[in-house]
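Produce the complete structure using the sequences and hints provided.
2 protein chains.
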Amino acid sequence: MELDERKAKILTAIIQNYQETGEPVGSRTISKLTDLSLSSATIRNEMADLEEMGLIVQPHTSAGRIPTDKGYRLYVDQMMADNRREVAEIKDLVVERVDRVELYLKQMAKVLAANTNYATMITGPSYHDTKLKFIQLSRVDAGKLLAVVVVEGNVIRNTIFDVDEGLTDEELLSLNLLLNTKLNGLSMREINLGIIKDIEAAAGAHGAIVSQVLDAVADAIRTDDDMQVYTSGATNIFKYPELSGSQTAQDLISTLEDKKDLGELVRSGLKEEAGEGIQVYIGEELPVAAMKDCSVVTATYDLGDGMRGSIGIIGPKRMDYQKVVGTLQKVMDQLDGAYKKTLAIGNKEQT
Amino acid sequence: MELDERKAKILTAIIQNYQETGEPVGSRTISKLTDLSLSSATIRNEMADLEEMGLIVQPHTSAGRIPTDKGYRLYVDQMMADNRREVAEIKDLVVERVDRVELYLKQMAKVLAANTNYATMITGPSYHDTKLKFIQLSRVDAGKLLAVVVVEGNVIRNTIFDVDEGLTDEELLSLNLLLNTKLNGLSMREINLGIIKDIEAAAGAHGAIVSQVLDAVADAIRTDDDMQVYTSGATNIFKYPELSGSQTAQDLISTLEDKKDLGELVRSGLKEEAGEGIQVYIGEELPVAAMKDCSVVTATYDLGDGMRGSIGIIGPKRMDYQKVVGTLQKVMDQLDGAYKKTLAIGNKEQT
DNA sequence: GTTAGCACTCTAAACAGATGAGTGCTAACA
DNA sequence: TGTTAGCACTCATCTGTTTAGAGTGCTAAC
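The listed protein sequences correspond, in order, to chains A and B.
First residue of the first sequence? That's 0 in numbering that gives the first Met the number 0, and the numbers climb one at a time after it.
First residue of the second sequence? That's 0 in numbering that gives the first Met the number 0, and the numbers climb one at a time after it.
Just so you know, the hints here were simulated from the structure itself, not pulled from any lab data.
Backbone N, C-alpha and C fix where the C-beta goes; we use that ideal spot for every residue, glycine too.
Straight-line alpha carbon distances no greater than 27 angstroms define the calculated BS3-like cross-link-like pairs of lysine-lysine that follow:
#1 B:Lys322 to B:Lys69
#2 A:Lys238 to B:Lys258
#3 B:Lys105 to A:Lys109
#4 B:Lys130 to A:Lys143
#5 B:Lys238 to A:Lys258
#6 B:Lys258 to A:Lys258
#7 B:Lys196 to B:Lys130
Covered stretches of chain B, as calculated for chain A (at least 3 residues, CB under 8 angstroms):
#8 139 to 147
#9 155 to 161
#10 250 to 256
If you want it as C-alpha cells, here you go:
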C-alpha cells in the first residue's frame, strides 16, 4: 500500500486535530476539516487503509482514530518540513543579571516550560572541553588549601582539600604562578601526563603536591552531581489527560524529580549529531519506561568555549511538534554564542 | 463539655486508626480496637460528644468519623507527649564525601523522604550570622575581579564583578591583606558603616573600590536565589489518596516545584522559637492555600557556626506525627554540630 | 451508665437502558 | 473506477435504579 498525497493529508489532519482535542477523531470531522471536499464515507475508506498501514488505530470499535507511534514518526520525519509554521515570539526571555551558566539555564528551562506548556529539562554543560582561564590556590586553614578555578564563560568552581606538606606563602605564590603559566588556555582533556610531569619537575621540591592539586582541580571542574539536570514545568503534564492518569503521572513526575534517567536520555542523544541537532523521540522509542506515553524533543546547545549541553522538552505524544521544534530552533539560534554577550551585560548591571 | 480520659482514649484511637487506613472509622472498630471493652453503642454516644466538641466529623451521614484540624491539634499538643514511641533507626543516612553544606542538605532531604514516605524540604542556612574566614580577590580579566569568600563551615561563595579603576598587582595584594585583617572573624551582620569607613580610610587612594568589593562580597554570601530550598520525595504525596485527587496533587506538586512559598512558610516558622524547635502546622493553619489538606512539621537545625536553617516534612493531615516528630528530633540530634565532623572526614577521603 | 435492638441514612457498587458517535459494508451513481 | 448515500452494527458513555452494607441515632431494657 502506498501513501499518496490524499492519505498524507488525511493523516496530517488526524494528527493535528488529535493534537488539539486529545480525542479520537472521526471521519466526519476530517471531511469537514480538510479542503479535500470528500464525504465521510470516502474518508472512512482511506482511514481503513491508513489503519492497515499501521499509522493510525482505533482505541476501540466505533471510536475515531488516533495516530500510532509510527504515524507520528512519519509525520515528524516527512510532513513537518513542508509547511513550517512561523514560530510565535518567545515571551519572557528576560535573562537578568546572570553571572553563572547554571542560573541562566535554570531560567531558560522555566521560560521554555512557560512558553510551550510542556515539561522541560536542561543539562548543564560538560566542562571537559572548556578552557581553563585562571587558577588560584589559597590557604584557608593550616594544611587546608582552597582551589578556585575559573574556566571560559566565567564559570567558577572550587574545592577545599588537604595537603600533606606545609607550604610557605612564597611557595604557594610561586605554585600559583606556575600553574597559571602552564595550564592557562588548556582544557581538562588536554592536560595529559606529559604536562603534569612538566609541572612537577618545575615545582621542584614540592612536586609531590602537584598531583594533589591537579586532582582537586579536576574534582572542582567536574560538576557536583556528575552531570546537572535542571527541570521545570513538571506540573504541565497534568494538563494532558492521557498523561495525568494516576500511574503515568506519578511515574513521570518521579522521573523528572529524579533526574538521573533524564541525564542518561539526553546524553545518548548527544552522541549522534545527525541533522540540525534536534531530535524527536516518540513513545516506545524512548529508553525510559515511564515515558512510553510521551514524546521528547531534544536539542544540543552551544554556548561557545566548548560549553555544550542539551535541552529536552517532554510532552504527550500529541505534542505540537512544529511549535516545539520551531521554538527549540529559535532558542538555539539565540543561544548560539549569546551567553557571552549576556554575561557581559549582566556583569555591567551588577556593579 | 469536658474531655475526660475515656474520650481522649477514643479520640486517640480514632486518629491512629484513621492514620493507618485513611478511611473514616466507625464505632464498632473502636469498640474492638481499644482496651476499654465498651460496646459500640457506648462509643457512639461518646463520639457524638466528641463531634459536638468539634474534634471529629462525619464526612457524611452514616459514615465513620474523621478527626478535624482541631482534633489533630489537641492530639499533637496534649496526647503525643505521653507514649512517645521509640523511633526506628534511620536507614541510609550515609553521607559520603560532602564538602558542601548544600550537598549534605540535599542528601538529607532525600534520606528523610525515603524514611518517612512524605515529601521533605530543607532550606539552606542563612549566612548572615556566619563568620567570614577568608577573602581572596583576584584579577580574572582586565577590569574584572573575582572575589572568593570562605565562611565558617568551609562554605565557599564567589562572584565576578567589574571595577572601575585599574589596580596593580601590588595594590590588589595589599587590598587582600587589608580585607582579611579587618574582616576576619566578623559576620555579615557585624560589618557596619564604621568598619567600612575604617577600611576605606586604610585603603587610601583606592578607598572608592572598597565599597564595590564589599558589595560583591555581600552579594556572594547571599545565596543565589535569595534562599535556597531543596525538596525531595514530592511524589510521595501520590501515596495518599486524599491528596492525589487531581487538583490537590497538582497544586501541591506545583508548590513543591516552585519552592518560593516553601521558603516563606519555613521562614515564618523560624521566628518563633518556641518549644524544642519542632513545630506542627495542621491544615488551615498553613499559610499556603495549596496545602490546606496537608500537615507540615518543621524543625530548625543548627550546624554550628551560625549555620541555621530548617527542615520541613509535608504529608497528609493523617500523617504519623509521632514518627515524624521523633525522626526529626533524632535527625536534629545527629545534625547538631555534626556537620563539622563529617566535613573533616569528607575532606580526608577526598585527598 | 451501659447495652441490645431497630429503623433510618447514605455511599458505593452493580446493573440496565438509552444515547450517540463512529464504523464497515453494500449498492447506486458519475 | 472512484465517490457517495444509506443502513445496520458496535461500543463507550451517561443516566437512572436497585442493592448491599456500613454506620448512625434513638429508645427501651438491664
